[in-house]
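A.B. asks: What follows is each chain in one-letter form.
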Amino acid sequence: MKTLQVLETAYRATVEEQDDTIVWLSHAIRAAGGELGLLLTGNAVCYAVTEQSAPALTLGSWTQSHAANLGADVAALAAKGVPVYAVEEDLEERGLLDARLLEALTVVPQAQLPRLFEEYPRVWKW
Amino acid sequence: MTTTLTFAIMDAPFENSRTVTMFRIMEAALEAGHDVNVFAYEGAVALPFARQAPHANAVHGRDTAAENHPLPRVWIEALFALAAARGRKLDWVNCGLCVDERGVGEAIAGVRRGTPVDFWKMSVDSGNTLTAGTR
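Residue numbers (my numbering), protein chains in the order written: chain A, 955 to 1080; chain B, 23 to 157.
A portion of the hints provided could be inaccurate.
Unchecked claim - Some, not all, of what chain B presents toward chain A, calculated at C-beta under 7 Å:
no., residue
1, R73
2, P76
3, H77
4, V139
5, W142
6, V146
7, D147
8, G149
Stated by the list, open to error - Once the Cα atoms are required to be at most 16 Å apart in a straight line, the calculated EDC-like pairs of lysine to aspartate or glutamate come out as:
no., chain 1, residue 1, chain 2, residue 2
9, B, K143, A, E989
10, A, K956, B, D147
11, A, K1034, A, E989
12, A, K1034, A, D1052
13, B, K111, B, E37
14, B, K111, B, D147
Hint data in this document are derived by calculation from the structure and do not stem from the laboratory. None of these values were measured; they are calculated from a predicted model. Ideal placement from N, C-alpha and C gives every residue a C-beta, glycine not left out.
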C-alpha cells in the first residue's frame, strides 16, 4: 500500500540519533518492502540540500564518530526507489531554490499537493 | 463492523498534550468496538515504563495519595483493561532500539518489543493509521 511520509519537523534529535528518525523509519520500512514516498515540507526541505554537513559533536573528551548526514540519507532513500518531493514555496522562502538539491528531487507547488496526495492511499504527517 | 486502527506516537511522557489526545482517541476507538494497534517510537517508548512513580506535590499542598498524580503507564493499563472488557484487541509495540537507548526495557504487562517493520505490517492490516510526531 503506497504511503506518503510528510516530513515537516527537521533536525529532530539528529545529533543523538545520527540520522533523522523519520528518514530512518522510512529506510526500515522500505527494506521490508514498503512502498513509500517522502514529501519534505517546512524546515525539512533543507534535507534536499546535498552539500550540507554537521560537524561531529565533541563534549569534553568525548567525540562523536558518525555525525548525521541528512542529505546523503535522503539521497540513499531515493536510490532505493522512494520518490522524494519538496514543497516549492518552502524551498523558495528559505532561499534554497537555487541551491544544489537532490538530483532525484521533485519540486511540487503547494497548489499541486492535493494531486500528489491522491496518488497515495495513506498520508502520514510527521 | 470492527476495524483495526493503528496509531504511531513519538512524544516522551510528561512532555506534550498530544499524547493525552492520542490516548483519548484510542479509548474512543475501543469503546466504539474497534481493535487498536500502537507503535511507540522514540521517546514514546517510555510511556509504559513500569517504574514510573507518583509523587506528592507541595505546591498543591497534597501528599502522594491525595495528589494521585497521573502516570502514563497507568493510563495504558486502563486502555488494556478497557480492551479486555470490550472483547477488543490492544496491541502495543515498543520500538526495541528506542527502548535500548533509553534504558526503559522494564515495561508494563502487555507491551511487546518490535521494530518499524511491525509498524508497517500493523498499518497494512489496518483500516487506517494516525501518526503524531514529536514537533
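A.B. asks: Now look at each hint and say whether the structure bears it out.
C.D. replies: Okay, the hints, checked on the actual structure:
1. A hinted interface residue such as R73/B counts as satisfied when its beta carbon comes closer than 7 Å to some beta carbon of chain A; here the least separation is about 22 Å, so the hint is violated.
2. Hint on P76/B is violated. Least Cβ distance to chain A is approximately 28 Å, over the 7 Å limit.
3. Because the smallest distance between the Cβ of H77/B and any Cβ of chain A comes to about 27 Å, over 7 Å, the interface hint for this residue is violated.
4. Interface restraint check for V139/B: the shortest CB-CB distance to chain A comes to about 4 Å, inside 7 Å, so the restraint holds.
5. The criterion of a C-beta within 7 Å of any C-beta in chain A is met by W142/B, whose closest approach is roughly 5 Å, and the hint holds.
6. With a cut of 7 Å, the hint placing V146/B at the interface with chain A holds, because the nearest CB-to-CB distance is about 6 Å.
7. A cut of 7 Å between beta carbons decides the hint on D147/B: the least distance to chain A is about 10 Å, and the hint is violated.
8. Of the supplied interface hints, the one on G149/B is violated, with its beta-carbon coming no nearer than about 11 Å to a beta-carbon of chain A, more than 7 Å.
9. Taking the CA atoms of K143/B and E989/A, the gap is about 12 Å. The hint holds against a cut of 16 Å.
10. About 13 Å separates the Cα atoms of K956/A and D147/B, which keeps this hinted pair within 16 Å; it holds.
11. With a C-alpha separation of about 10 Å, the suggested pairing of K1034/A with E989/A holds against the 16 Å cut-off.
12. Restraint check: the Cα-Cα separation between K1034/A and D1052/A comes to about 25 Å, which exceeds 16 Å; the hinted pair is violated.
13. With a CA separation close to 27 Å, the supplied pair K111/B and E37/B exceeds the 16 Å bound.
14. Between the alpha carbons of K111/B and D147/B the distance comes to roughly 14 Å, so the proposed pair stays at or under 16 Å and holds.
Hints 1, 2, 3, 7, 8, 12, 13, counting from the list given before, are not met by this structure.
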